[in-house]
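Participant: Given chain H, put chain R in place with the hints provided.
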Amino acid sequence: MKRGDVVLICLVIVAALAFFIPKWLIQNSSENNHNNTMTAEITVDGKLFKTVTLTEEEQMITVPTDHGTNILKVHNYGIEMIEADCPDQVCLSFGFVNRKGDTIVCLPHRVLVELKTDQAEESELDAVVS
Amino acid sequence: MRLSANDSSVSSSLKLRKTVIIAIFAAVAAVLGLVEAMLPTQMFMMIPGAKLGLANIMVLTCLCFLSWRDSLALVILKALIMTLIYGAFSAFLFSFLGALFSFIVMYGLIRVGRGRLSLIGISVMGGVAHNVGQLTAAYLVFQTTKIYYYLPALMLLGIVTGIFIGIAVKYVVASLSKLSLFEPFAPELQ
Numbered sequence: 005m006k007r008g009d010v011v012l013i014c015l016v017i018v019a020a021l022a023f024f025i026p027k028w029l030i031q032n033s034s035e036n037n038h039n040n041t042m043t044a045e046i047t048v049d050g051k052l053f054k055t056v057t058l059t060e061e062e063q064m065i066t067v068p069t070d071h072g073t074n075i076l077k078v079h080n081y082g083i084e085m086i087e088a089d090c091p092d093q094v095c096l097s098f099g100f101v102n103r104k105g106d107t108i109v110c111l112p113h114r115v116l117v118e119l120k121t122d123q124a125e126e127s128e129l130d131a132v133v134s
Numbered sequence: 002m003r004l005s006a007n008d009s010s011v012s013s014s015l016k017l018r019k020t021v022i023i024a025i026f027a028a029v030a031a032v033l034g035l036v037e038a039m040l041p042t043q044m045f046m047m048i049p050g051a052k053l054g055l056a057n058i059m060v061l062t063c064l065c066f067l068s069w070r071d072s073l074a075l076v077i078l079k080a081l082i083m084t085l086i087y088g089a090f091s092a093f094l095f096s097f098l099g100a101l102f103s104f105i106v107m108y109g110l111i112r113v114g115r116g117r118l119s120l121i122g123i124s125v126m127g128g129v130a131h132n133v134g135q136l137t138a139a140y141l142v143f144q145t146t147k148i149y150y151y152l153p154a155l156m157l158l159g160i161v162t163g164i165f166i167g168i169a170v171k172y173v174v175a176s177l178s179k180l181s182l183f184e185p186f187a188p189e190l191q
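So the protein sequences, as listed, match chains H and R.
In this text, residue positions in the first sequence follow our numbering: the first is 5, and each later residue adds one.
In this text, residue positions in the second sequence follow our numbering: the first is 2, and each later residue adds one.
Looking at chain H on its own, in the form it has when it is part of the complex (with noise of 0.2 Å):
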């Protein structure tokens, strides 16, 4: 190891340090509207294909892509991806997710699962003020 690569290394955790704190800001203010019902927006290809509320009652939701097929499960007020026919299963190791802002992507599959509060216009407030 030289001078030059404990540079260069920390210049990286600067810059992911730098990306972690506007995370931290989104999940402290996403915890003061907790109860609120969460919702899971699901895109095929950059296509809406359906928002499913997220309930404690388990729900299956397959999604048939041009690509293949994937299966999400609600419980518990979170989603799961379940089985994925994709060469990679990354999707599948996004495991369980419960908050907001959380996503599962099957890049193989194009699908993109996003956590969304119902609320939407309470927590744009503040931008609205002027």
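Where hints are given, some of them may not hold.
Examples of chain R residues toward chain H, derived with CB under 10 Å [stated by the list, open to error]: (1) A38; (2) Y87; (3) G114; (4) G122; (5) V125; (6) A139; (7) Q144; (8) L152.
Hints listed in this document are in silico derivations from the structure and should not be mistaken for laboratory results.
Keep in mind that this is a model prediction, so the values were computed, not measured.
For every residue, glycine included, the Cβ atom is placed at its ideal position computed from N, Cα and C.
Facilitator: Same frame as chain H, but now just chain R:
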């Protein structure tokens, strides 16, 4: 090599050596990629899309011995072999874009940081660039910046794996330098 050999046969022998080295490296890189896919790394790394980047060992080793053109050939060959094995081109397009970006960054750093960077620093940046390239490809598909949500975690993990990959390359380069096949290609970096 025979001393009586004329220039053209010397250069053709060099070309043959290069071709053999690229072929061997591409085969090893493909096998490392397959082994990596079998390892349950996703289980304990807890970050989706996190990989060890074992194939990067071969790309960086190739960059040490051969020119950037030969190394680019290695990157493309490896992607082709993996596509043939898995039979899904669109899925590997993303990983290929990551590999390409990582290759460009590593080559740039070898040129720019001559003498100031060791293999460890270069492999760390290569690993980070791989993640950035892959996520950018995903961003182009999905058109949402939410994709970058996992980037910081991937970057920090990339530093750790990059350090180990760099150490591995150091040993590989040192061992391969002793082989007669690699004699004409003195490694630029140690």
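Participant: Tell me, which hint numbers fail for this structure?
Facilitator: none
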